[in-house]
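Visitor: Chain by chain, the residues:
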Amino acid sequence: MTAVLAAEWVKLRSVRSTYTILAVAGMTVLIAALLTWQGVQGWDALTPDRRARFQSPPMEQLLSSPVQLCLAVLGVLTITAEYATGAIRLSLTAVPRRWPLLAAKTAVVAAVTLAAGEVVVLAIFIVSRAIVGGRPIPGNTASLATELPALLGLGVSVMVVALVGLGLGTAMRSTAGAICAVVALLVVLPTIAPLVPAPWGGRLGAVMLPNLAGQLAGHAGTPSGAAVVLAGGTAGVGSPLLSPPEALLVLAGYVAMALGAGLVAITRRDV
Amino acid sequence: MIEVRALTKRYGRTLAVNDLSFQVRPGCVTGFLGPNGAGKSTTIRVLMGLDAPSSGEALVAGRRYAELRRPLHEVGALLDANAVHGGRSAFDHLLSLALTNGIGRRRVAETLEQVGLAGVARKRVGGYSLGMRQRLGIAAALLGDPGILLFDEPVNGLDPEGVRWIRELLRGLAAAGRTVLVSSHLMSEVERTADRLVIIGRGRLIEDATVRDLADRFRTGVLVRSPRAAELANALESSGASVAAEPDGGLSVTGLEVAGIADVAARHAIPLHEVTARRASLEDIYLLLTASSVEHRSRDPRPAR
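Those sequence lines, one after another, are chains U and X.
Sequential numbering from 14 applies to the first sequence in the working numbering.
Sequential numbering from -11 applies to the second sequence in the working numbering.
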């Protein structure tokens, strides 16, 4: 198993797309800095009573969706690039039992995307708060110490989305198909969920992939919490329905379902 | 040793391989021939554990491929030379395969040297010519120094020098006692390399024989030339042979072998200028054998007169 793991690590580090994706994910830190700087300029020009009504979501929430999407593409490509080129056949002649191949890909993608997710989310937080400085902008005042659970939760959600991408890519064997499915989970379904009549709209919203990181951190409901993660500019759930352990369970459920479907496909189907 | 036993593979309603059985022995090169769509690649995919048989079995080294623990040490295969991630270097491509089977970097470098790619090992495969990719695919097959080798259309896209290189490589591997199976849809590609031929068409076995046996079976008489042709024809006919005159004055004799014809001529003191046993070319035999199983037949390319 460690042998297959080493091989998958070689595969991941030896293609350009890995570095391109990580670079794009890293660019969100730059975008966070620019957006914060712009916000701070506006804030400084405001009168005190208008400052009280100033709205600015924290950057790590605003930008977690693009980071998730980037690394979901990494998860998808890890397997679909092999199906697209046909190299999967060679890979499976070297690892004929097949499941170790998916297991090794899962481990490598999990490690890389968790590390990348945590680094980028923390960097966005640290950079944007440094630019905010001491300004009491609503939603941007909490310290790193108090925000840390929420930030770590966002990093975990990046890994979860990447693994969902890997699982869907393995099940569908198509880059375009799997990326569409990830976008549906991250953007389309969370947009539709609140439109379902109460109380189901809220309940569905609570288990939508982009809304779980905040509930995982237990911050949901407070203005500075991450419960309302914006997905493509549309609102998620308003109040927390899931406790942190429940949110973790649902996140794990997404991973288990996607990778489970991938495992069935890779072990049962002809290649 | 490769054993295919009553193998049948269906894709939906298409019967790709139909009750196919044959064996490939070590120590010689076996050509695996058939027209496009005959089921060669399907058979090889089943042998390599990539496709599951609908019924029957395909064994390598006495076992199903999926049961091999370190398969690259027992079986090496070139399936599709273009099935490589173009963004990866040849070295990293082979290393990722090698590591799964406990093969080290030194062996990877050695194999690249063997196929003549050492100089471009760190270059991205995307920039390789088809010939270089074939060499890379062969390097992957040789990585674990396996006793069984399967090559699916290995000379596709190779220049004459590359074709000769593969031919010598295959002969060398077989001479070293390995089991070598080479598929092709062209007889001309394997006739100078293979000792045995397994010919299939429409998923069924058509012929499993040595090249020599096959050529002997399709012998088409003996060509004889003599300045006293008419006399010789009479003598041969009275010895039980049948003789037909060729337009250029030669005689086409069937029913007597070269030795028998020479004996008859000697007995009658008739000089012989030529006695040649005529065989159909392997290409002709192959076309004859597979004529009824060609998937997409083209019309006669000669212009109508």
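Treat the hints with care, as some may be off.
[Stated by the list, open to error] Ranges between beta-carbon positions, derived for each pair: (1) X:Ser117 / U:Arg110: 31 to 39 Å; (2) U:Ala124 / X:Asp201: 31 to 39 Å; (3) U:Ala189 / X:Arg205: 48 to 56 Å; (4) U:Ala143 / X:Gly74: 53 to 61 Å; (5) U:Gly266 / X:Gly107: 45 to 53 Å; (6) X:Arg192 / U:Asp283: 18 to 26 Å.
Just so you know, the hints here were simulated from the structure itself, not pulled from any lab data.
The model shown is predicted, which means the values in this text are computed figures rather than measured ones.
All C-beta atoms, glycine included, are put in the ideal place defined by N, C-alpha and C.
Visitor: State for each hint whether it applies.
Guide: Against the structure, the hints come out as follows:
For the pair Ser117 of chain X and Arg110 of chain U, the beta carbons lie near 35 Å from each other, so the given range of 31 to 39 Å is met. As the Cβ distance of Ala124 of chain U to Asp201 of chain X is approximately 59 Å, the hint placing it in 31 to 39 Å is violated. A beta carbon spacing of about 53 Å between Ala189 of chain U and Arg205 of chain X agrees with the range 48 to 56 Å that was offered as a hint. In this structure the supplied range 53 to 61 Å is violated for Ala143 of chain U paired with Gly74 of chain X, their Cβ-Cβ distance being about 42 Å.
Range check, Gly266 of chain U to Gly107 of chain X: Cβ separation about 51 Å, and the 45 to 53 Å hint holds. Judged by the Cβ atoms, the range 18 to 26 Å given for Arg192 of chain X and Asp283 of chain U holds: they are separated by roughly 21 Å.
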